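Student: So in the working numbering the end of the sequence shown lands on 491, straight run, no missing numbers.
No lab work stands behind these hints: they were computed from the structure. Since the structure is predicted, the reported quantities are computational estimates derived from the model, not experimental observations. Heads up, a few of these hints could be off.
As the list claims (entries may be wrong) - Label-pair distances were calculated between CB atoms; the ranges are:
hint: 1; residue 1: 224; residue 2: 367; range: 42 to 52 Å
hint: 2; residue 1: 218; residue 2: 330; range: 56 to 66 Å
hint: 3; residue 1: 369; residue 2: 199; range: 42 to 52 Å
hint: 4; residue 1: 268; residue 2: 372; range: 35 to 45 Å
hint: 5; residue 1: 286; residue 2: 235; range: 39 to 49 Å
hint: 6; residue 1: 381; residue 2: 330; range: 22 to 32 Å
hint: 7; residue 1: 399; residue 2: 276; range: 15 to 25 Å
hint: 8; residue 1: 226; residue 2: 178; range: 16 to 26 Å
Here a beta-carbon is modelled for each residue, glycine too, at the ideal position from N, C-alpha and C.
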Amino acid sequence: MVREESSPGSGSPRSAASFVWLLPAAVIAVATGVSVAMVEASARGPVAVFGGVSALFLAVLGSEAARRGRVIEELRRTVAARDTALARRHAETAHLAGTLLPDAVQRLRQGEFPEDVLASLTAPEEHQAVVRVVVDAVTAEEDLRESAQRAFVNIARRVQAIVHQQATELRAMEDRHGHSPEVFGDLLRIDHGTALIGRLADSIAVLGGARPGRQWSRAVPLYSVLRGAMSRIIDYQRVELHSVTEVAVTGPAVEPLIHALAELLDNATRYSPPQTKVHLTAVDVQSGIAVEIEDGGVSMSEEARKRAERMLRQAQQGIDLNDLGETPRLGLAVVGRLAQAYGFQVSLRSSAYGGVRAVVVVPQELITTVAAASGLAHGIGASSVPRTAVPAAPA
């Protein structure tokens with residue numbers, strides 16, 4: 097390493113040290129002169145020649161050693177300069193990877209324009225070029241995602257329009273043929289299938305960033321909301337509706353809550369033995385209303401529970417189509433998006449029945465009194481919903 101006190105070209109000890117290598121030659125030369133003066137005349141020639149050759153050899157050797165010392169010193173300074181440059185580049189690269197790129201991506205996801213993000217950068221030109229490439233890639237990915245989501249929503253809206261038309265015609269047919277039990281039962285089964293198709297179309301719309309298709313202008317009793325959710329799954333007859341607190345859900349939150357509960361009920365019935373029941377309950381809690389869904393399936397391991405809750409959290413930030421696959425993940429993704437949009441709190445725990453207990457907490461601001469509720473969300477006909485000990489809410 098280079099010493100700080102020996103700066104080059106300052107007449108310092110380093111310059112003097114460069115000539116230390118000549119001292120042995122000088123000593124030999126002096127010794128030779130003294131020896132020539134002291135020896136006999138016949139021996140002076142050989143002594144002078146030997147001493148001169150020795151002094152010259154030492155002088156050449158010292159000169160070469162001094163030259164190599166200077167080369168080594170220069171190499172040390174070069175290595176030190178390169179080490180400093182590498183350390184600086186390493187720090188800049190760490191700043192690029194740890195600060196510039198994450199900050200640029202985060203700002204893009206928060207809605208800032210790419211031009212504004214790039215204009216605010218203060219970094220070396222090569223780092224700006226790297227950030228520019230990343231920003232372009234992220235922008236292209238976001239554009240592709242938005243395009244896919246718009247396509248999802250457009251497809252979902254078309255299906256919803258068809259389902260709505262079919263549901264309207266089926267309601268009219270139910271009114272006309274209500275006196276015939278066989279025809280009425282067939283119509284109810286078709287109506288139920290139409291409701292399932294509508295729920296799937298709503299799921300596609302929600303994953304595309306839109307809200308469910310149906311809108312409710314009036315508050316609906318919670319009991320009716322729960323029955324509406326039950327009517328949108330295949331195995332609705334396995335669901336037992338227990339005690340329900342006497343409150344109502346405000347109009348804008350009715351359809352999102354029905355859809356979220358239907359997705360959780362569908363998972364509960366799909367992944368529990370067919371001979372078991374799924375228990376549905378709603379109770380008052382400090383922050384609002386807690387709707388509990390418990391099944392008798394296989395209890396979730398701690399790893400599976402954490403994975404499911406991570407899916408719920410990720411769905412609140414955006415849906416990656418590559419992460420969607422089997423039905424539970426799709427349903428949880430829909431529930432996560434609805435929870436983020438309407439303030440629901442969703443948690444998954446082990447059930448007292450040995451399976452999974454899903455709890456959806458509806459915030460207090462989405463709850464009102466039954467007296468203010470005039471809507472009805474029972475879904476398909478009354479006979480299509482399993483009987484419970486709770487009396488039906490008035491229409």
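Student: At the C-beta level, are residue 218 and residue 330 separated by a distance inside 56 to 66 Å?
Tutor: At 59 Å between Cβs, range holds.
Student: Falls inside 42 to 52 Å, the C-beta gap from residue 224 to residue 367?
Tutor: Once the Cβ atoms are compared, 51 Å apart, the range 42 to 52 Å for residue 367 and residue 224 holds.
Student: Is 16 to 26 Å right for how far apart the beta carbons of residue 226 and residue 178 are?
Tutor: Given range 16 to 26 Å: holds, Cβ gap about 23 Å.
Student: Are residue 286 and residue 235 spaced within 39 to 49 Å by their CB atoms?
Tutor: holds, 47 Å
Student: Return holds or violated for the Cβ distance of residue 369 and residue 199 against the range 42 to 52 Å.
Tutor: holds, 51 Å
Student: Please check whether residue 268 and residue 372 have a Cβ separation lying inside 35 to 45 Å.
Tutor: holds, 37 Å
Student: Between residue 399 and residue 276, is the Cβ distance one that fits in 15 to 25 Å?
Tutor: violated, 54 Å
Student: May I ask you to test the hint 22 to 32 Å on the CB atoms belonging to residue 381 and residue 330?
Tutor: holds, 30 Å
Figure legend: structure checked against the earlier numbered hints; the only hint not met is number 7.
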